[in-house]
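Engineer: Chains A and B are the protein sequences, given in the same order. Residue numbering for the first sequence follows the UniProt record's numbering, starting at 1 and increasing by one per position. Residue numbering for the second sequence follows the UniProt record's numbering, starting at 1 and increasing by one per position.
I should point out that these hints are in silico values taken from the structure, not numbers from a laboratory. By construction, the Cβ of each residue, glycine as well, lies at the ideal position given by its N, Cα and C atoms. Do not take every clue at face value.
To be verified - Ranges of calculated distance between the beta carbons of each label pair, as one might list FRET restraints: (1) S75/A <-> G649/B: 45 to 51 Å; (2) F17/A <-> L128/B: 44 to 50 Å; (3) Q146/A <-> G120/B: 46 to 52 Å; (4) F56/A <-> G161/B: 53 to 59 Å; (5) V116/A <-> A639/B: 52 to 58 Å; (6) T226/A <-> A591/B: 51 to 57 Å; (7) F56/A <-> V136/B: 51 to 57 Å.
As a plain string of letters, each chain reads:
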Amino acid sequence: MRIVNVDHLSKTYGHRFNRVVALNDLSFGIDAGEFVGVMGPSGAGKSTLLNLLATFDQPTTGGIWIDRVDLTTMSAADSARFRREDLGFIFQGFDLLNDLTVSANITMPLTFVPPVPTDLDARLQTVSELLGLTQLLTRFPLQLSQGQRQRVAAARAIITKPKLLLADEPTGSLDSLAATELLQYLAKINLETDVTIMMVTHDAFTASFCNRIIFIRDGAYFAEVTRQGSRQEFFNHIIDMEATINGGRRRRGGMDQA
Amino acid sequence: MGAWIKRSWAQHASVSRLMAVVLGSLLAVMYAVAALIDDRPLLRQVSQGVGNTTVFPAALVVLLVVMMLFSLTFLLYLNRLLLTRRDGELGLYRRLGMPASRLGRDLGGELGVIFAAGLGAGLLGGILVSKLLAMVLLRLVDVAQPVGLLVSPPAIGELSGYTVVVWLLLAALNAWYVKGHELLLYSTPDAAKTPTAPLSGLDLLGGLLGAVLLISVVWFAQAPTYWTSRAAQLFGNVWGLLGSLVFGLLAAIGGVYLLFACTLPVGLAKLAKLRWARPASRYLPLMIIVRRLRANRHSLWLTTALTTVTLTVIGGAAVLYQFGQTVVAQNIAQPIVATASGQRLVAQTLAKTPGVTTTPLATKLVAGKVRLRLRSAHDRLEKNLYQVIAQSDYQRIRRQQSQLPAIAVRQDQAVLLTTAEHLYQVGGLGGFDNTGRSLRLPQIGKRLVIKAITADFPLGSSGYFDRGLVVSDQQYAQITAPVVMIYGTHVRGKLAPALEKPLANSTAMDFVALDQATLAGSKVPTVVAKAPGQDYLGRDAISLRRPALHQMNGVFGFVLFVILMLGAVFMVATASILLLKQLAEARNERAAQVTLRRLGMPQPVLTRVIYTQIMVIFALPLGVGAGGAALLIKGLKDALGGHPSQVAGAVFGVYTLVYLVFAWVTAARIDRQARR
Ligand SMILES: Nc1ncnc2c1ncn2[C@@H]1O[C@H](COP(=O)(O)OP(=O)(O)OP(=O)(O)O)[C@@H](O)[C@H]1O
Ligand SMILES: [Mg+2]
Chain A
1 MRIVNVDHLS KTYGHRFNRV VALNDLSFGI DAGEFVGVMG PSGAGKSTLL
51 NLLATFDQPT TGGIWIDRVD LTTMSAADSA RFRREDLGFI FQGFDLLNDL
101 TVSANITMPL TFVPPVPTDL DARLQTVSEL LGLTQLLTRF PLQLSQGQRQ
151 RVAAARAIIT KPKLLLADEP TGSLDSLAAT ELLQYLAKIN LETDVTIMMV
201 THDAFTASFC NRIIFIRDGA YFAEVTRQGS RQEFFNHIID MEATINGGRR
251 RRGGMDQA
Chain B
1 MGAWIKRSWA QHASVSRLMA VVLGSLLAVM YAVAALIDDR PLLRQVSQGV
51 GNTTVFPAAL VVLLVVMMLF SLTFLLYLNR LLLTRRDGEL GLYRRLGMPA
101 SRLGRDLGGE LGVIFAAGLG AGLLGGILVS KLLAMVLLRL VDVAQPVGLL
151 VSPPAIGELS GYTVVVWLLL AALNAWYVKG HELLLYSTPD AAKTPTAPLS
201 GLDLLGGLLG AVLLISVVWF AQAPTYWTSR AAQLFGNVWG LLGSLVFGLL
251 AAIGGVYLLF ACTLPVGLAK LAKLRWARPA SRYLPLMIIV RRLRANRHSL
301 WLTTALTTVT LTVIGGAAVL YQFGQTVVAQ NIAQPIVATA SGQRLVAQTL
351 AKTPGVTTTP LATKLVAGKV RLRLRSAHDR LEKNLYQVIA QSDYQRIRRQ
401 QSQLPAIAVR QDQAVLLTTA EHLYQVGGLG GFDNTGRSLR LPQIGKRLVI
451 KAITADFPLG SSGYFDRGLV VSDQQYAQIT APVVMIYGTH VRGKLAPALE
501 KPLANSTAMD FVALDQATLA GSKVPTVVAK APGQDYLGRD AISLRRPALH
551 QMNGVFGFVL FVILMLGAVF MVATASILLL KQLAEARNER AAQVTLRRLG
601 MPQPVLTRVI YTQIMVIFAL PLGVGAGGAA LLIKGLKDAL GGHPSQVAGA
651 VFGVYTLVYL VFAWVTAARI DRQARR
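Extracted from the complex, chain B is given alone in its bound form (with noise of 0.2 Å):
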């Protein structure tokens, strides 16, 4: 058995290697979480931010076990892969008179001194990388604390035990499949290279549905809510929304599948007519890209899935994490936001510290009558209290606050503030927006046009019991209403705990009762202390900025690591299936390049083939997931209500990074190897 592995690994060494590595890898980043689950304190003052200590280590525990399927599962297709690589050579050794229950046996053993390199590798990288870990946890939940390396037994043990079982199940399998295969079904390496069928009328079929179908789940993509509204209204509401889901996925699966199985081939075989594409150097790379990807076309449109999948959800979890600071930061856009009550408090706390500067805004308290269309549903008749502003005092606070949107308002003119300001104006297909509406301020008897919606306060909408209007100084001059102050107060510096925790630990909340007369306007509305009758609205008197990205922070942070472990590893198992790929086609292409090189081709030619083809086949998986990743985050920044995200960005261009890095690297080896 000894010879037999020594042999095996020396034959397929670059493959082994790459399953001990793929596997070291999975593992180091397993250990490092099962570590973190196992480090019951440091988990104690993540959750802090959160009051809560149990869900953090349960949400790992899910995470962990996520991963360990996964990996499950991927080992599963690389050793399916490998084993059919090898089926000449195993079908060889079965006709030479080995015995199966031998072969399998040195098979499984192959695989143990894999796994056993893998394991100790991956245990080493994860205690390596779990200090590492926890300090991007610790930094994204915005908890100081220095850490070590994390040594812990018990995971190390858990880790352990699955890679045995994993390994004990994996040489079963290999056993079952030489066993369970006759002398002359194994494949010989003439039949590997069988080309796929010409193209025929069908494919050209196949492409058309393909493009069709991604034409349309991009359509559909640009306004969900608008066709999705429009389902429900013809198939009801729930069989609506099921089948335009159901209808997307299948339509985005199917649409990828037939554009690597047929739509591109077809429309490059047809490019590859043109008497452009005449010259070798662009005729060759496209017939060699036509045939790889109707020959590849389910590890590709695996790996686009993965793409999509993996770019969704760190895309998706950086929005997530940016959208929580700037609902935090829309909310109180200085340090600490008081009304008259709580500044009573902040102005006696702080009454010593030098540097504090402190900006009162007035507010006019009205109520207010407008119908406006609510996203994806029908007019409606909204009565609420507005804080009205001057927009002259907009204009100063604007200076300190740069996110707010520049406003000028004629006299009739007024501009409605609401922190749901995304579902009254909705962009492209089926979109509308509510500006031209009419707003009556019946208690005053006056009527505003609204000139446009925005979620930016000033000072932060903290101060604010509901919505906000900023109107002309003339027009603000003639309204007589009661006056609601807002303070916002800025500290130079770093506000020393002892005087945040007053303040932190203030309850005290303003109330107005919000009953049918001041609604309608025959009433004036007054700001109490005390939460009166049965309808009323409330803010916070005191609102400090720091703990509140505190504690966001805690959850969003928290959710983003989650997903950067998923991500890690989803990127693993797509750079792995690629990089192998790759390998399988450097060994078949070898042949056709010494002929081209024969044939007198140029060197510098032969060069430009090799790399268009390969930056080709990577770019679209890539590319196409990167499409499909864009188009969910969308979605989802949508709905949320959000601004670009340049996280998002940031992280897409990690990755498209890290994957043409990749690229360039395995067309330069091929490259190389095609001198030889």
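Okay, chain A solo, but in the shape it has when bound (with noise of 0.2 Å):
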């Protein structure tokens, strides 16, 4: 089942004379229960996307479909319940609050409207337990290592039962051990909850840990890889495909100098 649907998507920022095209008609689609990721150089366009997705912005044209949900014609209360009870979100900055223990940040997204849901500690143990923050419970954000920190937001976001988890750049903080076993985490979260998972990326070994990787490149849909066989090969096939992005890159640069 198709959860996610791009169909000639552009945004262009700026105004008549000092225009960015950050997304220049992109399609590309999402099933259920992937782990994508998208990938490709600085300013290629990949935040910009996921905003769009994370319905914080508007595109300029094109369209969008979550869960078959046209994301286009929403009104800002809409989008805010749309966020709230059908989209998850880790960010590299990590937004938790500072002020709330660690299982009040957890279940947050859960008390922005009433009624509260009346199993919210069954729910939030089950989120802890998954990602192994019984132990935290207590404490505050600033009392947790990067990686600790980014596990909340990731029990944050799959706690009000998404239909799809938007990560920028989860791992852009963390030093390679937190990483992997953040990702490791991620990856639990696809298997055991079913949920749908987009990253954002610029590393290829976080990118490993998806099963198929989008590149693209000027704001257009470049390329796509697929895991078959081991992680090894996948991150060997991702190496490659970047090469093959950044390669073109310099070889139109040289074009232009000739």
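Take the two lone chains and join them into the complex the hints point to.
Structural biologist: See the structure below:
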């Protein structure tokens, strides 16, 4: 089943005389249960894409459907409800509320609109076990390591049982050990809760935890790589594709100079 | 340096503007006072009612010095706040290799621009408000005279000199601050975000202690005389009084601090644990308020203290001003009050004036003995002279003098009139009243039961030698004693100065001897025109209300004026501390607001979270401060025996309104910013 459908999507920033085309006629789809990575050179439009999927921003032209809901026609209140109920987020900067304990941070999205679910505590229990946070629930975010904080953000993202989990460079601030740990947790979430994950990254190692990688360049679809065989093989494929993308740019640069 | 100042101004525009505005407002008020001091002719006019021309200028000089010292302290505090706010930035410049001396000089230059702007605005604003202030002063002291803008070169010079000195002082301090800090000691922006430690058992203990202290302060303030007299019994007069006052003060200071630092945070955190607080619209404001209470306890304490002081001095001055007017009204209840001897001159003077109504009141002069309890002391046998009034006469006068309380006495009862009424009836804890005591009139061998005590005399207390006594008509008829007349005279419109002058200049008095024989009832008291022997009582033959009111206003109006000036300065300080804190907080909370919106919090809920926390943070120091001020003013009112003051109520109302509007504007601003 298609969970995400992106159709001829374009996003232009700025005004008439100072335009940046961040996304240019991009189309792709994601099936339910997939763990998809989005890669591409810096400035390719990855974050822009994620912001559009997250309803933080509106596309210039084209359409986005998540679970057959058209994101482009939503009102502000509708998109808030949609984010609350159907989406989960993990960002590079953690975005935890420092005034609240870990448990309050995790359950926060469930308390925005009454009634507060009666199984709140049970759900908290489940996700904190899933992400290995049971010992940390009474602490405050600033008393945690970076990796732990990112796991709290992941727990907060899945406690609402979203249809789609969006992650923008979730391992960006982590060392490789913590990154591996978080990615293993994400893979586990993907397997055990059937949540679809779309993750933006520019790191091949991080990407190798996905099932499929979509490459974009200059705001347009460039290629994709699907995992077959071991993670190491997948990793090598990704590296090759990155070289192609960057090589392509270099070659073009060379041609411009000639 | 120009480039630096430009960049800094752009980066810290709101804060720099705030400092310039605060400095400007303080300078404006100080200029107006300095210009008043410089305007000798005007001050002579103002002093007219008091008859002493040196007191007011001297008091204004003291006011100016107090304002200057306070402003200096406050600017030091503000400067320090602004500087620590920029720690991260300053540290970055230092790490990038900017010499400390250069940094210090640039900071000084930046401050110079702010101070120049503040001085310019302050002098301009000062000249503009000087006229207004002079008008307020003249109005308060009851002098009619036109005034213009006060432009005073000496005042401009003084204020400019003051500004330059303060600027140099702050610049030197800032340079020293920049130099004195090692590179690594600059706190990084991250360190500023470190939350206060989680609430511990110690906080719970502090919270309980805070609650106990505050409750005991309120308890103490309910009946200060009772507690101080108890303390005096235990520890002796001096130590008891001093000790209970010091205890009260320390308990209030410490209690308020603990209230913000522990009691409220612990209580609110407990509240947040309830099911009721589960929805984010309740939970989030609670937790944010808990953090802000603890992080900002110093500034909250300071603003509370400032609010208390401001409201107390302004409200207290208002109570005094109103008290002065009430005293005059109680003392002279009609435009002219005269005795039998004075009334001859009054009638003569007003013979050709139309619209004169005279109200006579007959009283009988007798000696009386009664055992009464005086405030905080024991019973005492008191021997006094009483002017006895028939109930029907009292009712007749009451129709014109609405302040007089309703009275109904039986045959054996009497109502005691005395100006010291509040010393004989004390409410609340340890309170008592003297009703039911029996009063003996030895000369005629009668006993009367005191039914009530009041400070309001028919026609005003100036017509009485000492106390009054209202009895039933039947009883009055049975008393054989010399009749003493009092006349109240009412003139339609204003009494012409030519007619008022001879009456006001009259120094005639009535006297009555107060020897043992008279008091014991063995000698009939007689009214004479010359002071007899050693002990006697006297009363003015003619009392005029308008000149008395004028004189009273001359003193209390001036006091009120001085206090209003001080209050204005305090209010500027309170408001700017809160504003600054809110700005800093808004910057800190921007990221959290973005996160909440990203997670799908509906806009109305976010708006509610923002408004709730800001209104609470503003309301707390206001509420606690106003509570403290109310206790102090009530104490003052009780000590004076005044009536509840509407003016003090109005002061509270205006202050609260200004404050809440300010909070609302801040919340709206932060909410708007969060929507972007
Ligand atoms: N708010 C904005 N206004 C104008 N241009 C923008 C804005 N946001 C992004 N851009 C431009 O759009 C393009 C795509 O940016 P985007 O942030 O999506 O890249 P990215 O793929 O996430 O890059 P990176 O890997 O460096 O994070 C860039 O050229 C960027 O400069
Ligand atoms: Mg990006």
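Engineer: Indicate whether the distance between the beta carbons of F56/A and G161/B respects the range 53 to 59 Å.
Structural biologist: Since the Cβ atoms of F56/A and G161/B sit about 56 Å apart, the hinted range of 53 to 59 Å holds.
Engineer: Confirm or reject the claim that T226/A and A591/B have a C-beta distance inside 51 to 57 Å.
Structural biologist: violated (37 Å)
Engineer: How does the Cβ-Cβ distance of V116/A and A639/B compare with 52 to 58 Å: does it lie in that range?
Structural biologist: holds (54 Å)
Engineer: Taking 46 to 52 Å as the hint, is the beta-carbon distance of Q146/A and G120/B inside that range?
Structural biologist: For Q146/A and G120/B the Cβ distance comes to about 51 Å; the hint holds.
Engineer: In this structure, is the beta-carbon distance linking F17/A and L128/B contained in 44 to 50 Å?
Structural biologist: Roughly 47 Å apart at Cβ, these two residues keep to the hinted range, so it holds.
Engineer: Could you tell me whether the CB distance from S75/A to G649/B stays inside 45 to 51 Å?
Structural biologist: Since the Cβ atoms of S75/A and G649/B sit about 48 Å apart, the hinted range of 45 to 51 Å holds.
Engineer: Quick one: are F56/A and V136/B within 51 to 57 Å, going by C-beta?
Structural biologist: Since the Cβ atoms of F56/A and V136/B sit about 55 Å apart, the hinted range of 51 to 57 Å holds.
Checked against the numbered hints listed earlier, the structure breaks hint 6 alone; every other hint is satisfied.
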